[in-house]
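K.L.:
These are the residues of each chain, in order.
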Amino acid sequence: MTTAAPTSTPRGFQNVWLVAEREVGSKLRSRAFVISTVITLLIALAAVIWGGFSAGNPSATQVAVTSSTAAAVQKVPGVEVTQVADRDAAEALVRSGEVSAAVVDDASSPTGVVVIAEDSPPTSLLMGLSESPSVVLLDPATVDFALRYFVSIGFGIVFLLAASLFGGTIAQSVVEEKQTRVVELLLSAMPARTLLAGKIIGNTILAMAQILLLATIAVVGLIVTGQSEVLQGLGAPIAWFAIFFLFGFVLLAALFAAAGSLVSRMEDIGSTTAPLTMLIMAPYFLVIFAGDNPVVLTVMSYVPFSAPVGMPLRLYLGEAQWWEPILSLVILIATCIAAIVLAAKIYERSILRMGARVSWREALKTP
Amino acid sequence: MLELSHVTKSYGAHRVLNDLSFTVRPGRLTGFVGGNGAGKTTTMRIILGVLAKDDGSVTINGAALTSADRRRFGYMPEERGLYPKMKVGEHITYLARLHGFDKGEAEARSIALLEQLGLGERLNDTVERLSLGNQQRAQIAAALVHEPDVLILDEPFSGLDPLAVDVVADVLHRRAAAGVSVLFSSHQLDVVERLCDDIVIIAGGEIRAAGSSEHLRQQHSGHRYELRTAGDLGWLREEPGITVVEFDGGNALFDAADDAAAQRVLQRAASESSIERFTPVRPTLAQIFKEVIQ
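Line by line, the protein sequences are chains V and Y.
Here the first sequence stands for residues 1 to 367, where the numbers follow the numbering used here.
Here the second sequence stands for residues 1 to 294, where the numbers follow the numbering used here.
A couple of the hints might just be wrong.
Unchecked claim - Across the chosen pairs, the derived CB separations fall in these ranges:
1) V/A242 <-> Y/R15: 52 to 58 Å
2) Y/G159 <-> V/R361: 52 to 58 Å
3) V/S359 <-> Y/K290: 23 to 29 Å
4) Y/T284 <-> V/M266: 24 to 30 Å
5) V/S359 <-> Y/S57: 55 to 61 Å
6) V/A215 <-> Y/T8: 26 to 32 Å
7) V/A239 <-> Y/R15: 43 to 49 Å
8) Y/A13 <-> V/S30: 41 to 47 Å
These are calculated hints, taken from the structure and not from any lab test.
Remember, it's a predicted structure, so these values are computed and weren't measured experimentally.
Beta carbons are placed, not taken as given, at the ideal position from N, Cα and C, and that holds for glycine.
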């Protein structure tokens with residue numbers, strides 16, 4: 001029996017991978033996890049389809065016309081015309097918001113008419129007119145306000161959901177190993193750092209896979225439902241979001257694992273993860289309440305915990321210089337490495353301490 | 001040979017292990033005996049490297065333990081635990097892979113071992129669906145599946161019914177016979193007495209006695225004898241150098257001051273009647289234990 005040497009010498013990395021594989025496998029087999037993932041994807045799908053549906057069948061677009069343009073506009077499907085006396089009256093209606101756009105005579109336009117709108121003309125109207133008219137915007141914005149809001153909330157909510165779901169998952173799986181005492185057996189086979197690394201990698205793979213699935217559903221859904229114009233200018237920010245998300249998630253996962261190692265029972269998990277939960281809620285609430293404030297957004301895009309939301313948003317809005325995402329990413333990666341070192345230290349010191357909760361301070365103190 | 005020398009460990013001001021030295025020899029079962037809080041679990045955790053020692057050394061064949069050596073160790077922690085939602089077969093396979101076996105080999109070994117331990121029918125059940133006794137068997141499989149050179153088992157027999165104790169004892173004997181060093185702790189002194197070749201007794205973080213079980217018994221036997229004769233031993237009380245412990249007509253249990261006194265008793269008894277039995281009485285492990293931990 002003593003001659004039965006292992007057929008291959010395990011390297012640390014092999015065990016990291018084995019641990020990661022088990023994390024992924026056990027999650028994929030957990031009914032609760034699969035159901036919650038399917039529900040999330042269905043919600044995303046529903047949102048995209050609903051968006052396509054409402055864009056495809058809009059309640060009639062209100063358009064102001066003058067007597068000379070009425071005939072041309074009335075032929076456009078989905079448009080309800082309001083006839084006014086002249087151009088001034090039409091502009092007044094556009095400003096007040098009673099109509100989305102106005103079509104009036106304009107001698108300077110090649111087609112003889114011009115479309116007036118507040119910040120963007122209704123696409124259904126532009127496409128419906130036989131000849132593309134000139135467009136006059138009364139209050140031009142660089143990006144459609146609604147779209148801007150939608151995109152910022154989109155980044156915010158995806159980060160919040162994925163980080164809290166998988167952050168919570170990794171903390172729970174650390175506590176599960178502690179609570180079921182299997183951890184001592186695992187530590188007799190590999191160093192604590194190997195176990196920690198495997199858990200972080202496994203959960204990161206799951207989180208990234210879910211994000212990629214969501215992104216695919218969003219992109220394919222938008223194209224299929226004919227809303228591809230929404231995608232314009234969103235490609236690069238989504239790619240940056242994925243990169244930032246990867247490092248931002250590893251940063252949080254390491255901290256959540258450390259938080260999990262401080263307690264011995266599932267019931268106590270909230271007490272050590274609460275500060276982290278606040279950290280991941282912050283970017284979401286900031287984009288909702290201060291998303292239109294460029295100073296707040298700039299700060300957000302450099303703070304490692306909110307950069308995955310802040311920087312892609314600024315890129316989408318065209319407010320960031322080319323070097324800014326790179327600088328922010330460097331800051332994020334440096335913080336990420338520091339967090340991993342810190343988390344490994346806390347994890348190694350607390351993982352075998354059963355019973356009462358270990359405080360963050362206690363875990364960091366040199367023994 | 002696994003050797004601990006002068007190992008110490010303190011938690012703050014509280015010293016839990018004090019200058020601990022003993023050896024675990026290959027091919028033998030070594031029983032590790034001590035009361036609650038004596039330091040058994042701490043010692044085992046230090047051997048496994050799960051816990052750091054303050055001072056002293058743990059060596060195998062004279063060289064300090066490396067993590068590669070430790071991968072050839074099998075461990076059953078005092079705090080039992082496996083992943084409750086993992087299937088038994090997969091769980092044991094996973095542990096074998098962590099110890100360096102490739103997938104196919106790990107699977108074959110875990111199935112063979114679980115069958116040997118009587119869990120062949122339960123391979124596809126999750127751990128939480130097993131009875132406590134069967135979970136214990138799975139735990140033993142977890143310690144054995146990678147064919148370790150050294151086995152460190154913390155209370156392997158607790159929670160087992162007598163039949164399961166025999167199954168496990170048989171497995172341990174076979175491992176020892178194959179040259180594995182086995183160290184296990186137990187509160188069941190009768191089991192330790194029955195199984196072990198070597199015994200280490202620990203109390204208050206210090207080794208109180210260590211050696212082969214035969215040697216320990218000799219060392220602690222004193223000069224107690226049992227004598228059974230057909231006649232009457234009433235004269236025994238008057239004999240110089242003899243203290244009678246129990247007396248019943250022709251049967252007596254007595255302590256002799258030295259060998260010569262015992263021989264005198266034997267000769268006189270033989271001259272007066274026929275002798276049915278004259279044996280030195282060896283103390284039980286329980287008796288030795290009580291004696292040395294005081």
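K.L.:
Next, verify each hint and record whether it holds.
P.N.:
Structure-based check of all given hints:
For V/A242 and Y/R15, the hinted distance range of 52 to 58 Å is satisfied, since their beta carbons lie about 54 Å from each other. Taking the beta carbon of each, Y/G159 and V/R361 are about 38 Å apart, not inside 52 to 58 Å as hinted. Between V/S359 and Y/K290 the CB atoms are about 43 Å apart, so this pair departs from the stated range of 23 to 29 Å. The supplied range of 24 to 30 Å is broken by Y/T284 and V/M266, whose beta-carbon atoms lie about 45 Å from each other.
Taking the beta carbon of each, V/S359 and Y/S57 are about 34 Å apart, not inside 55 to 61 Å as hinted. Roughly 57 Å separates the CB atoms of V/A215 and Y/T8, a value that falls outside the hinted 26 to 32 Å. Range check, V/A239 to Y/R15: about 59 Å between beta-carbon atoms, so the 43 to 49 Å window is missed. Range check, Y/A13 to V/S30: Cβ separation about 45 Å, and the 41 to 47 Å hint holds.
The structure is inconsistent with the numbered hints 2, 3, 4, 5, 6 and 7, although it conforms to all the rest.
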